[in-house]
Each structure stands twice: as C-alpha cells, then as structure tokens.
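K.L.:
Using the hints provided, position chain B relative to the given structure of chain A.
Protein sequence lines, in the order shown, are assigned to chains A and B.
So in the working numbering, spot 435 of the first sequence is number 435, and the numbers just go up one at a time.
So in the working numbering, spot 263 of the second sequence is number 263, and the numbers just go up one at a time.
Think of the hints as simulated: they come from the structure by calculation, not from any bench.
Among these hints, one or two may not hold up.
It does not matter which identical chain is used: a pair holds within one copy or between any two.
When the alpha-carbon atoms are kept at most 20 Å apart in a straight line, the in silico SDA-like pairs for lysine to any residue are as follows [to be verified]:
1) 35 x 396
2) 118 x 349
3) 28 x 349
4) 60 x 73
5) 430 x 180
6) 430 x 179
7) 239 x 461
8) 240 x 432
9) 351 x 80
10) 430 x 284
11) 28 x 364
Quantities reported herein were computed from a predicted structural model and do not represent experimental measurements.
2 protein chains.
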Amino acid sequence: VFKVVESLKTFFEPKSVAIIGASRTPGKAGYGVMKNLLDNEYAGSIYPVNPNVDEVLGYKAYASVKDLPEAPDVAIIIIPASATVEAVRECAEKGVKAVVIASGGFAEVDEYGARLQKEIVRIAGSSGMRVIGPNTSGIISTPSKFTSTFFPLGKIRRGTVAYIAQTGNFATHTMKWILTSEYYGVSRVIGLGNKCDVDDADALEYLGEDPETRVICMYLEGFKNGRRLLEVASKVSKKKPIIALKAGYTTAGMRATLSHTASLASHNSIVDAAFKQAGIVRVQYYTDLINAAKALAFQPLPSGNRVAILAPSGAMGVIAADACETSGLKVANLSEQTLRHLQSISPNWIKVGNPIDIWAAVQIQGLEQGYRLGMEAALNDENVDAVISILMLTSEHASVNLEFIQELCEQHPHKPVLISITGDRELFDKAKVFLESRSIPVYLPVEDACRVLAIMYKCKQAMIRRGLRPY
Amino acid sequence: VFKVVESLKTFFEPKSVAIIGASRTPGKAGYGVMKNLLDNEYAGSIYPVNPNVDEVLGYKAYASVKDLPEAPDVAIIIIPASATVEAVRECAEKGVKAVVIASGGFAEVDEYGARLQKEIVRIAGSSGMRVIGPNTSGIISTPSKFTSTFFPLGKIRRGTVAYIAQTGNFATHTMKWILTSEYYGVSRVIGLGNKCDVDDADALEYLGEDPETRVICMYLEGFKNGRRLLEVASKVSKKKPIIALKAGYTTAGMRATLSHTASLASHNSIVDAAFKQAGIVRVQYYTDLINAAKALAFQPLPSGNRVAILAPSGAMGVIAADACETSGLKVANLSEQTLRHLQSISPNWIKVGNPIDIWAAVQIQGLEQGYRLGMEAALNDENVDAVISILMLTSEHASVNLEFIQELCEQHPHKPVLISITGDRELFDKAKVFLESRSIPVYLPVEDACRVLAIMYKCKQAMIRRGLRPY
Numbered sequence: 001v002f003k004v005v006e007s008l009k010t011f012f013e014p015k016s017v018a019i020i021g022a023s024r025t026p027g028k029a030g031y032g033v034m035k036n037l038l039d040n041e042y043a044g045s046i047y048p049v050n051p052n053v054d055e056v057l058g059y060k061a062y063a064s065v066k067d068l069p070e071a072p073d074v075a076i077i078i079i080p081a082s083a084t085v086e087a088v089r090e091c092a093e094k095g096v097k098a099v100v101i102a103s104g105g106f107a108e109v110d111e112y113g114a115r116l117q118k119e120i121v122r123i124a125g126s127s128g129m130r131v132i133g134p135n136t137s138g139i140i141s142t143p144s145k146f147t148s149t150f151f152p153l154g155k156i157r158r159g160t161v162a163y164i165a166q167t168g169n170f171a172t173h174t175m176k177w178i179l180t181s182e183y184y185g186v187s188r189v190i191g192l193g194n195k196c197d198v199d200d201a202d203a204l205e206y207l208g209e210d211p212e213t214r215v216i217c218m219y220l221e222g223f224k225n226g227r228r229l230l231e232v233a234s235k236v237s238k239k240k241p242i243i244a245l246k247a248g249y250t251t252a253g254m255r256a257t258l259s260h261t262a263s264l265a266s267h268n269s270i271v272d273a274a275f276k277q278a279g280i281v282r283v284q285y286y287t288d289l290i291n292a293a294k295a296l297a298f299q300p301l302p303s304g305n306r307v308a309i310l311a312p313s314g315a316m317g318v319i320a321a322d323a324c325e326t327s328g329l330k331v332a333n334l335s336e337q338t339l340r341h342l343q344s345i346s347p348n349w350i351k352v353g354n355p356i357d358i359w360a361a362v363q364i365q366g367l368e369q370g371y372r373l374g375m376e377a378a379l380n381d382e383n384v385d386a387v388i389s390i391l392m393l394t395s396e397h398a399s400v401n402l403e404f405i406q407e408l409c410e411q412h413p414h415k416p417v418l419i420s421i422t423g424d425r426e427l428f429d430k431a432k433v434f435l436e437s438r439s440i441p442v443y444l445p446v447e448d449a450c451r452v453l454a455i456m457y458k459c460k461q462a463m464i465r466r467g468l469r470p471y
Numbered sequence: 001v002f003k004v005v006e007s008l009k010t011f012f013e014p015k016s017v018a019i020i021g022a023s024r025t026p027g028k029a030g031y032g033v034m035k036n037l038l039d040n041e042y043a044g045s046i047y048p049v050n051p052n053v054d055e056v057l058g059y060k061a062y063a064s065v066k067d068l069p070e071a072p073d074v075a076i077i078i079i080p081a082s083a084t085v086e087a088v089r090e091c092a093e094k095g096v097k098a099v100v101i102a103s104g105g106f107a108e109v110d111e112y113g114a115r116l117q118k119e120i121v122r123i124a125g126s127s128g129m130r131v132i133g134p135n136t137s138g139i140i141s142t143p144s145k146f147t148s149t150f151f152p153l154g155k156i157r158r159g160t161v162a163y164i165a166q167t168g169n170f171a172t173h174t175m176k177w178i179l180t181s182e183y184y185g186v187s188r189v190i191g192l193g194n195k196c197d198v199d200d201a202d203a204l205e206y207l208g209e210d211p212e213t214r215v216i217c218m219y220l221e222g223f224k225n226g227r228r229l230l231e232v233a234s235k236v237s238k239k240k241p242i243i244a245l246k247a248g249y250t251t252a253g254m255r256a257t258l259s260h261t262a263s264l265a266s267h268n269s270i271v272d273a274a275f276k277q278a279g280i281v282r283v284q285y286y287t288d289l290i291n292a293a294k295a296l297a298f299q300p301l302p303s304g305n306r307v308a309i310l311a312p313s314g315a316m317g318v319i320a321a322d323a324c325e326t327s328g329l330k331v332a333n334l335s336e337q338t339l340r341h342l343q344s345i346s347p348n349w350i351k352v353g354n355p356i357d358i359w360a361a362v363q364i365q366g367l368e369q370g371y372r373l374g375m376e377a378a379l380n381d382e383n384v385d386a387v388i389s390i391l392m393l394t395s396e397h398a399s400v401n402l403e404f405i406q407e408l409c410e411q412h413p414h415k416p417v418l419i420s421i422t423g424d425r426e427l428f429d430k431a432k433v434f435l436e437s438r439s440i441p442v443y444l445p446v447e448d449a450c451r452v453l454a455i456m457y458k459c460k461q462a463m464i465r466r467g468l469r470p471y
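Chain A on its own, in the form it takes in the complex (with noise of 0.2 Å):
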C-alpha cells in the first residue's frame, strides 16, 4: 500500500518535468502542455524535449530524454504511438520514475496498438517506473501548480475535490466548463486513459492518503481490477466521500466504451451491489460529478434525510416535495413550535407547511428579512436535517443582501443548506458567485439541489455502514 501512494506522489509533486513532443506552434499538443505549466507557474524545472529546435517557450529544448542534466521525475509523452515506445525505452534507461502518455492509438484502436501497449508495459515493469495512460490527457495537481493536460485550460483553481476519469475528460472540456461556470476548485484530476499501469484502484488509494483532497468523484467506464478497486474503496469511503458515475450501463453505452477505452462490460446491478457494499455512493448524471462535488466540498453531511423547503410558489414547493422523496429524502415534519412561528410571521391568508410557503411571509417581512426568519425556523427545528431554500430574484430585488444565509450556516455547522433560484437570469448569475464564494452552493432547477442533497446524505449513510459513528 505505502509502495504504491508513494509512486503515485511523484506524479502530483514532481520537482522536474520533461515534455516529450514539446512545441512551439499554439494550437499542437505540445504547446499546449508547455502553455498550461506556465500558466500555472509550475515552479520545477521544466525540460522541454524535441530534437527539432533549441528552445520552446524559452527553456532549452533537447533532442531526447537522454540528453537531459538529471533524470525528471515526470515525463510527459505526446508523440504518435509509434514513437512512443521508444521514448519510454530511453525514460527507463534515463532513470524516469513517472510517465504519463498521452498519444491516443494503442488498444483502444486496433491490435498493433494492443502490442505497442503491451510492451510499453513490459519496459515500464521492469524498470519499477509508473506509468499513466496512454490515451489522457494526463493529471491535474494544484498544490504543485502541475499539470500534464495540452488542453488549455489557464489558471486551475485550487480546493479539495479530486477527479479520478476513464479518460482525460476531467483535465481537458469538464475542467475548463467547471473553472469558467463553477466557483469550488480541485487538489488532483487523473485522466486514466488506457489504464496500462496506473489504475482507478491505486488513483483511489492515493486520494485516500491525500491531505488535499476532501471528495473524490470518478468517472469510471471499466474495472482493470474490480476486487481491488472495492477494497481500496471499503477503506477510503470510511474518512472521505466517494461518488461515481459507472458510465456505459445501457447496450449502446457499454459498446461505445468498447472502442473508446476498451473497457469491458461490468452488469448493472453487480456494479451496484458492489458499489454500495465498498461505500461507493452511485450517481447517475455526468452533472452530478459537478453539483455534487462542489455541495460536498462546501457543505456538511446531513445527519439525515428530512428536509425542510422554502419556496417562493406553491408549485416550487410541490415539485422540490416530489424530487426529495423521489430520490430518497423526506420532506420533514415541522415542530408544532417552528409551523407556529412561521405562521406569526406570515399573513393569515396562506396556511404555512413543510414545504414552506415562504412568498407570502416574503410579502409583509420583505424577502431579506422573510428568509432569515423562514430559514432560521427551519435550521432550528430538530426535526431538521437539511434545507433547500428557493430563492426568487427578480430586478425589485437586485439590490438585497445575501450575507444571512452564510449567518444561518455558520450558526448551524451541522446541517448543510442548499441554494436553488428562480427568476431573474443575470440574478442568479450575481447570487451564484456571491453565495458559491462563501461557500453555499447555488442550483438553477431546484430538482439538481434535491438529487445533491441526496447523494449527500448516501455519502454520510456509506460512511456509517462503513463504521463511522453517528453523532
């Protein structure tokens, strides 16, 4: 075990880097790789190799890996398939302890790429270097300001959500989409491509020991070694939140992953089975890697699944009732003492529940003050284990001031509180950023916020299966 977090940490803090296929013409793989290392102020050496010219981006090129002055402690491989066999060959003999490759054409393509595979593995073994890919994108590692990724992605903000991916979806569109629409950031990405070293069980394995990482969200095609996965998994999901999308579960899906990563088919219910028993919480929507991630990272587990709602309409209210018990929640039931309170501060044509009817209390109360004291009732009843709070924004209140919801959760430590907004576009835009840097996360359909809350409260369940006490 130790063995293999300790291989794996030289990829995510390496104190030197060689790009193997580096350029200096935009738009090639090559640059980019070289673009998103400086953007990022990758502060190791960088050694950019490319037998073609004699510097990239203003660090000395060289023509091979054996030429350089140290051995690196990464090296990145983006040349054709063909090549790359060779430019392992010289990593191994150079010293290299971790490559990531990132060339596509191996067995996910025909029968010679199978072979290239294969005896990429066989140097890589005998050497003990590690290897990652081949088909990614590569890795993401904040706290190093690393990455091997040639997508360009800019400056990558750092958190505490990690993303271990079949491919390198997460280091390449969905990161750049979560930088420039989302507002939580992320300890470590890894792309697993091909999976011909490096798999999701010894990615997992790491993130388990990781200081930096909080959650751990996977977006899985195939198992390389289901039983070991699990096992790892038993152990990491007693101190961290696991939650993974196991895509390809329908015909049409699982023959797409065949030509994508040659992952092989995995039935759905075993997977679930599985998954469950290893504290795995399951989700269903590439979204949810998203939504889910940023409420785990801001918010606390729920103790349990009752759920108070405020919504500004009766109808919200009815349908954020129906997505809670849908995916598993339970629309509280309010202390005789909180529906009387909400009552006091409503007008008495409106009969106040759970869900709350909180547009009318919004009407005498104004909407600041109508929310505090709805939200407030809410968190303070003890049959409350969580609250999704509907906000409406329309441009008679563009002006209010959001800073009591942070109030009431820093009141409130225990229970977590989720966002949803109605109305206004450029409003919910505004309150998104205001509230997500406080840590409160913001959801357009209220539907995203009851699935969150319930993929929260499965995390916490998996947890004490696993042996966590409830308090």
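P.N.:
Chain B in isolation, oriented as in the chain A frame:
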C-alpha cells in the same frame, strides 16, 4: 365545444379590461398588472377600478365596475378575498364576460374561503360569466399584448408555445426565467389557480383550436374533471404535441398540493395510463417544460428513435449513448457508407463509430469543417432519425461560425438537430443566443438534449397512435 372555445377567447383577445384593485404604489399587485399591460403595449381600453384615487398610471380610475362607461371584456380582480364576492357580483351585473381572480384566501386556505369560492361560482354560473382562478396570477396572451399577471415581467416574447399551469407559476417567476434565459416565445399562458370555473380541459380545448399555439405544455397538480380532460386531450394530441408534468406524484408532493391548490390525490400509474391513452406525453422534471418546449417549437418531430451522436470526447459519447438508451432512444447503426466517409475525414488513430468521436476529425479539418462534415454524413444516413451534436468550445474557437448548423437543418427539414455544448461558459452563452435565434435548441448537459429528444419522439408516437399517418 364551440361555446367553451368562444367563451375562453374573450380572456385572450379582450378589447377592454378593468383592473379591480388597480394601484399607484409600485410593488403592489394592483400596480404590477397596470405596469405589465403598459410594458406590453396592450392596445385595448384600460379601466383601473379604485375608489380612493382619480387616476392610475395616467388612466382615469373608477370607484366601481358599475361606473365604467362600458362592460369590459375582462375584469381582473386583485383585492382581498372577503371583498371579492361583491366585486364579482358587480361584474356579473355590469355584463362582464370574463373574470380573472388573482386574490388568494379561498378553498386552498379554509372552510370560510371555500364558501366564498362557492358563492363566486354561483354568481358567475347564473350570469354566464367565465372565471379563471381564484388564487392565480392568471393569463398571458402575446398576440393581444395582454396579461393579467401582477408579477413584473416587462415585454413578453411572442411565440408558439402555450402553457397551462395549475397556478400562476408560468405567468410569474418561470416566465421571467424563460424571458431572461431562453430565446423562444409563448403564445398563451393560462394559470388556473383553484379552477372554480375554467379548468384544464377548457384551457386545452381552447389551445387545441388556437392558431397561435403549436406546442402545449401543462403543469398539473390535480384534475377537476379528469374524464373530460382526457377526452379533449385525445382530440388535441392528434394535431399538437401535449407534454405534461403531473406534480404531487409522491406522498410528500401530494400533501403539498393539498395545501397549495386543494387538489385531490390521483394514482400515479392511473395517470400514466390515462395520459398515454389520451396522447399526453408525461415528463418528469419541471425544466422539461422549458427544455422540451423549445425543441418542440424549433424543430421537427423525429420520424423514429435512431440517433446519431457527435461527441468531442469518448467519455461524452458514452454518456450520451447511455442517456439516449435510458430514455427510449436508439443509438443508430450507421450505414457502411457513412462509416467509411466518417473514417475518411478522421485521422487513422481513431476508429469511427456511433457515437462519433468527432474531435479527431476536428484536429485535421478544423472545428467548423469537422463538425459540418460529421453532422452532414449523419443527417444523410437513412438509418438516422435525429442528430445530437456536442460542441466543444474554448477560447481557441471563439470566432467559429456556427451558421453551418442552420444550413444543415434547412437541408434536412424532417430530422431534428439538438446541440449540447461543453467547454467555456461564456462561449456557451454566445452560441446559445446565436443558435436559438435560428431555431436550433441548445442544452448544457448532453443528458438534457437526450431526454428532450426522447420526449419529441414520444410526441410523435402519440400522434401516430392517435391517428396521424407516419410519413
């Protein structure tokens, strides 16, 4: 039948309107209605009714409906429940044909309110006056530039989508959402409220005959006269797609509808069967009523369920394949000819299939040409009924011209095209405006696009079942 449609027409094509409870105070509901009428440039006569003022927003005010110079086509009542009965009586005596009652405090609250509501029904029934509400912000009719809603909406975009909603939710915050975040328009919106008179069946019958309406979306919590609703739907669904969210389908949701609109419970599986028989396509999420509406308004219905998927990464392809198959679509078996063509535009390190991993081709052809050739090949394939194309947009492609998608749609008028976008959020926003103003629907998570296409396919199937001849 004719009588119902004619009597409802008055609500949507009024030549004059009285606002009973009109107010000069911004923030008050009686002000909001006036403001919305002015913002939408309603061209009929406007009669504010308020005994305490001389004029409202430049319009002469009257102390009572009795004093009006003519019987207005529509009266909007926004005064406390207790005063509403008298106002309704005066409307009946004056000869008003149609009344919208916005006020709450009736059957949804208590026995007293229920008695008031009964009295309103009695008065209206004996005079032949139709009533929408109470407990609703009412209606929108863009062809007549008319609305009864008090919620600040500004100018409402005209289009072909109609909403029937249990309450005012689609005439208030959801409409604000659609107006600020989407690019399709609405024809009519009918918020039914307590349905003391006009109900979902009446509304559906009217919309079925309405030349302005091509797509009908319903948000329902309960049924007043389920049998008639289904009878009407059976006829309308031959001509126009009807999608419906039946909320309150869980125990908690049902409880919430009780206090919201006093709706009675109905068995979920019975609703399923009845909807299916009547050609109503049931949807699960509130956002489906927005996401599917725009695709139904923008694009043709697919002839079958065989989808070609273009994805910028293998993972997104797998996710889309899973989402399609889960929702009842088939990932199309592309013809040999199409596969050969796709392979010829791609580098040889990728093996092309469906989902089509188009990013490989993009690296050779450029983004515009890669997607154009890929989508064209898919649309030309007789084994393909619809195309879902996931664009990856990053700053590198900020200047890409997406007009080719419109051209492809025009060349294939019987095959729907739905777009999903990953990458840079700002470019998503830009592409969405560009494409949706050209009637090409855009979705953020590809899973939404897949679900929407499945809804479109179900609408087509419903029409075929109801007697439409497949072409």
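K.L.:
All the hints need checking, so say for each whether the structure fits it.
P.N.:
Each hint, compared with the structure:
no. : hint      : verdict
1   : 35 x 396  : between (45 Å within a copy, 13 Å between copies)
2   : 118 x 349 : between (74 Å within a copy, 17 Å between copies)
3   : 28 x 349  : between (66 Å within a copy, 16 Å between copies)
4   : 60 x 73   : within (18 Å within a copy, 82 Å between copies)
5   : 430 x 180 : both (14 Å within a copy, 14 Å between copies)
6   : 430 x 179 : both (16 Å within a copy, 17 Å between copies)
7   : 239 x 461 : within (12 Å within a copy, 49 Å between copies)
8   : 240 x 432 : neither (26 Å within a copy, 38 Å between copies)
9   : 351 x 80  : between (69 Å within a copy, 16 Å between copies)
10  : 430 x 284 : neither (29 Å within a copy, 29 Å between copies)
11  : 28 x 364  : between (60 Å within a copy, 12 Å between copies)
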